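If you want the building blocks of each chain, they are given just below.
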Amino acid sequence: MSATREIVTDQRDQFAFHDDIAYLAETKRGLTRATVEEISSFKNEPDWMLQYRLRAFEHFGKRPMPTWTDGLDKIDFDKIVYYRKPSEREEKSWDDVPDKIKETFERLGIPEAERKFLAGVGAQYDSEVVYHSVKEELSKLGVVFMGTDQALIEYPDIFRKYFGTVVPAEDNKFSALNAAVWSGGSFVYIPKDVEVPLPLQAYFRINGENTGQFERTLIVVEEGAKVHYIEGCTAPIYATESLHVAVVEVVALPGSKVRYTTIQNWSNDVYNLVTKRAHAYANSTVEWIDANTGSRKTVKFPAIYLRGEGATADIISVAVAGKGQHQDTGAKAVHLAPNTRSRIVSKSVSKDGGRATYRGHLKVSPGATNVVASVRCDALMLDDISRSDTYPYIDIQEDDTSMTHEATVGKVSAEQVFYLMSRGLTENEATNLIVQGFLEVFTKELPMEYAIEFNRLVKLEMEGSLG
Amino acid sequence: MTVAAPRPRPARQAPTDFTLPVGRAAIDEVAPIDGTTDWLPADRQAAFDAFEALPAESNVLYTTYIDLRSAQLGAAGLVSSPRADPVSTELPDGTDGLIVIDEGDIVGVALSPAATAAGVEFTTIADLASRDPERVRALLEGGSALPSDDRFAQLTRALWTQGVVLDIPAGVSLTQPVIIRWAAGAADRALLSRTIIALGDGAGAVVLEELVGSDGTGPDGGQSFLAGTLEVTLGRDAKLEVASLQELPTTTVAFQHRNAVIGEGATLHWALAQLGSHLVRSRVDNRLEGDRSSVEQVEIVFGGTDQLFDLTSYTHHIGRDTTGNLLSKGALLDRARSFMKGMIVIDRSAVGTDSFLGEFGMNLSKATRSVAIPSLEIDQPDCRRAAHASSVGPIDESQLFYLESRGIPPDEARRMIVLGFLEPVVARVPHADARERLRDLLEQKWDAGIGAGAVSTA
Numbered sequence: 347m348s349a350t351r352e353i354v355t356d357q358r359d360q361f362a363f364h365d366d367i368a369y370l371a372e373t374k375r376g377l378t379r380a381t382v383e384e385i386s387s388f389k390n391e392p393d394w395m396l397q398y399r400l401r402a403f404e405h406f407g408k409r410p411m412p413t414w415t416d417g418l419d420k421i422d423f424d425k426i427v428y429y430r431k432p433s434e435r436e437e438k439s440w441d442d443v444p445d446k447i448k449e450t451f452e453r454l455g456i457p458e459a460e461r462k463f464l465a466g467v468g469a470q471y472d473s474e475v476v477y478h479s480v481k482e483e484l485s486k487l488g489v490v491f492m493g494t495d496q497a498l499i500e501y502p503d504i505f506r507k508y509f510g511t512v513v514p515a516e517d518n519k520f521s522a523l524n525a526a527v528w529s530g531g532s533f534v535y536i537p538k539d540v541e542v543p544l545p546l547q548a549y550f551r552i553n554g555e556n557t558g559q560f561e562r563t564l565i566v567v568e569e570g571a572k573v574h575y576i577e578g579c580t581a582p583i584y585a586t587e588s589l590h591v592a593v594v595e596v597v598a599l600p601g602s603k604v605r606y607t608t609i610q611n612w613s614n615d616v617y618n619l620v621t622k623r624a625h626a627y628a629n630s631t632v633e634w635i636d637a638n639t640g641s642r643k644t645v646k647f648p649a650i651y652l653r654g655e656g657a658t659a660d661i662i663s664v665a666v667a668g669k670g671q672h673q674d675t676g677a678k679a680v681h682l683a684p685n686t687r688s689r690i691v692s693k694s695v696s697k698d699g700g701r702a703t704y705r706g707h708l709k710v711s712p713g714a715t716n717v718v719a720s721v722r723c724d725a726l727m728l729d730d731i732s733r734s735d736t737y738p739y740i741d742i743q744e745d746d747t748s749m750t751h752e753a754t755v756g757k758v759s760a761e762q763v764f765y766l767m768s769r770g771l772t773e774n775e776a777t778n779l780i781v782q783g784f785l786e787v788f789t790k791e792l793p794m795e796y797a798i799e800f801n802r803l804v805k806l807e808m809e810g811s812l813g
Numbered sequence: 232m233t234v235a236a237p238r239p240r241p242a243r244q245a246p247t248d249f250t251l252p253v254g255r256a257a258i259d260e261v262a263p264i265d266g267t268t269d270w271l272p273a274d275r276q277a278a279f280d281a282f283e284a285l286p287a288e289s290n291v292l293y294t295t296y297i298d299l300r301s302a303q304l305g306a307a308g309l310v311s312s313p314r315a316d317p318v319s320t321e322l323p324d325g326t327d328g329l330i331v332i333d334e335g336d337i338v339g340v341a342l343s344p345a346a347t348a349a350g351v352e353f354t355t356i357a358d359l360a361s362r363d364p365e366r367v368r369a370l371l372e373g374g375s376a377l378p379s380d381d382r383f384a385q386l387t388r389a390l391w392t393q394g395v396v397l398d399i400p401a402g403v404s405l406t407q408p409v410i411i412r413w414a415a416g417a418a419d420r421a422l423l424s425r426t427i428i429a430l431g432d433g434a435g436a437v438v439l440e441e442l443v444g445s446d447g448t449g450p451d452g453g454q455s456f457l458a459g460t461l462e463v464t465l466g467r468d469a470k471l472e473v474a475s476l477q478e479l480p481t482t483t484v485a486f487q488h489r490n491a492v493i494g495e496g497a498t499l500h501w502a503l504a505q506l507g508s509h510l511v512r513s514r515v516d517n518r519l520e521g522d523r524s525s526v527e528q529v530e531i532v533f534g535g536t537d538q539l540f541d542l543t544s545y546t547h548h549i550g551r552d553t554t555g556n557l558l559s560k561g562a563l564l565d566r567a568r569s570f571m572k573g574m575i576v577i578d579r580s581a582v583g584t585d586s587f588l589g590e591f592g593m594n595l596s597k598a599t600r601s602v603a604i605p606s607l608e609i610d611q612p613d614c615r616r617a618a619h620a621s622s623v624g625p626i627d628e629s630q631l632f633y634l635e636s637r638g639i640p641p642d643e644a645r646r647m648i649v650l651g652f653l654e655p656v657v658a659r660v661p662h663a664d665a666r667e668r669l670r671d672l673l674e675q676k677w678d679a680g681i682g683a684g685a686v687s688t689a
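Note that the protein sequences, when read in sequence, are chains C and A. Numbered according to my numbering, the first sequence spans residues 347 to 813. Numbered according to my numbering, the second sequence spans residues 232 to 689.
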């Protein structure tokens, strides 16, 4: 049945474009020791970073490909370009950004977002941050928000103190890859007791066929400080595989509060393999708000290590898996200190043969007394050619932990659809509304502009399956 | 000055290394069973091939949670030719059958006259093979009722030397329980066994499996190894209840593989109690093949000292409108550990499935460890229910407060709460004497734990 009323229009082409950019420098396809050295020399890095990269490269070569999730063996590391540099230097002002790149960002709507309320914009065009601005008052407060490459030069002490301490290069195969070839990403430093009143935002996108994107984000929040960081991703659609391997490190020092929001909408040919981890010190709060709608395969489990007494972890993870997609997402909370709290909420939607997997790890280590932890994961399957998996790992090594875990899998109820249709909605609109309601636990945590954008993304996804 | 020679170090053992000294030659040492010589040796060889090829844990979801290091079986010798000729014994009141196996040797078999008259077979595999070799071949060959991806199930299929069959013809229901009692625990003995339960269409039975210490069990000496299967096939509308009470001595390493193929409209109830052994590795596979088939499984663990319980359940929904209801509960004292791994698989064909998996733990001492991995893999959204729940917590303060407000002393109140937590399995044990014994064992274990200071006091 299709009583089509064009409330929802397919705007996918708006996100699916490819600009021909003259890259100023790029490495050859494939990864060798020379590639790593070349990247480092392009960037004029200090020697310790080159040595770090080379160590990570060695480790990457030795580490076997993970087998607990499938399809990663299809990645052809020799076909990837590991570094591209589209313009010579960090641009301080919007006017100086090259027109072609600016046009791309215009189409993504960044300037409006900035004009409206965003505190800073860090836009990543392929592998380098080309545009960055932090509002005057934030600079005066001592807030640092810049490209990670630039921070290595300008803030070497803070950088070296924290870089690689949350996600060591040897953590997993892909963190080693990132450590070897990383480029771009955001560096955020919030001084003691500073509360950043507005979200900091960075837009990432991949351009260029087979361009690997290996950004590295490091967020350090000093004692008593507060920040909300947002990243959203869009990427042009290509037929051959692209690879996105990012590492995000968050250090939440005592009494601080950090929220990190992501909307991931890579095109459906991207392998999105991300290691995201936060260290939460005493009485700090870390929140990951994470949505994954795009990519061919995403493997991402935002993690929080509760290292200090009284720390709190909150993770909301949402995934929509459509045709040809596998969202292997979830969350990890590792309790290492007494009186810590964690809450994990996961919602997934699978449809058109897509596969949504929740993988979670909840661990209470010896010594972490009086822990309270809860996990809730719900999955919605829209048809019987799709698949939903739930793999929670719960490991409790204390005698006074209070842990609860619940999971359900279901479909859109015929009664709900019937009710909405009796109110004049088409079947498509009714299902769409139900899915949006199912995901609301995530949407309501977003700033309004993002909530609108996210609901639009969900509608686009739904367009593909119904009507 | 002389430098002391370094102390000899034990050989390093990886978590998945299994120390039982068996090679392919062990197959030739197994006493042949009359009536099976034309196919069984080849079947054993095929199983040994699989054993050698498979990893200790073939499910990558669980590989980080396998630890066989507490099994030290280097000195264990295989029981290769146990006594298998039936010896009659007295039938206990309130039962329809009894088989007692002591350290591998059959020491008693009894079956009620009514059951015998109805054509029920309840005997050793060797005995049945001497009378009806074709039936034995049909029940055993190919190990189709054992998981082909499980290394240790295949080891058991390769080297089993003792076995029990309960074969019930269509339409026959045993009203009273039959008891299968295995006594084991003598130092340095390794026994591998198979137990086959086949129920024809509309048949019914209640089975009580008892795993107890043998007279040869002593506090000293090496570990003993007991590996056993329970291979269940249920015909249309058959009904089977199985209760198992595992109270082996703590020098024993026990591997268990229970596998059920459940036919149309058939129902299976498991009630499994794990108390004894040093290391238990148990796997239950429920295959709901027939439409409207159902399985209910309740399992309890009451662990103490440094016991390790590694328990896996697979529930595979294949037919339409099938029901799975699994509940695992673990209470741990002292340094005990439990790994509860559960997997519900709902195939696309399994429309109308109702499946639930619950894994609940109570850590009663600081050095305990509870791991729960309740997993779901779902290809069919048109389910009545597909859910799991899990919790780990201490003794509920409000329950304690309630009992204390009724004048019950705190120690007694805690004991009541813990034993109440485990009661769901106790209540399902079919035979009154066995039920009472299980309650006694739980209480004894609690008292011993309290006495040894193995329980945290709030």
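FYI, nobody ran anything at the bench for these hints, they're computed from the structure. As the structure is a computational prediction, the values presented were derived from the model and not from experiment. Ideal placement from N, C-alpha and C gives every residue a C-beta, glycine not left out. Honestly, I wouldn't trust all of these hints.
Reference excerpt, derived from the structure (chain C facing chain A, CB under 10 angstroms, subset only) [stated by the list, open to error]:
no.	residue
1	378
2	696
3	698
4	728
5	801
Hint check results:
Annotation: interface hint on residue 378(C) violated; nearest CB of chain A at approximately 31 angstroms, more than 10 angstroms. With a least beta-carbon distance of about 9 angstroms to chain A, the hint placing residue 696(C) at the interface is held under the 10 angstroms criterion. Because the closest C-beta pair between residue 698(C) and chain A is about 13 angstroms apart, greater than 10 angstroms, the hint is violated. For residue 728(C), the interface hint holds, since its Cβ comes within 10 angstroms of a Cβ in chain A; the closest pair sits about 7 angstroms apart.
Interface restraint check for residue 801(C): the shortest CB-CB distance to chain A comes to about 23 angstroms, outside 10 angstroms, so the restraint is violated.
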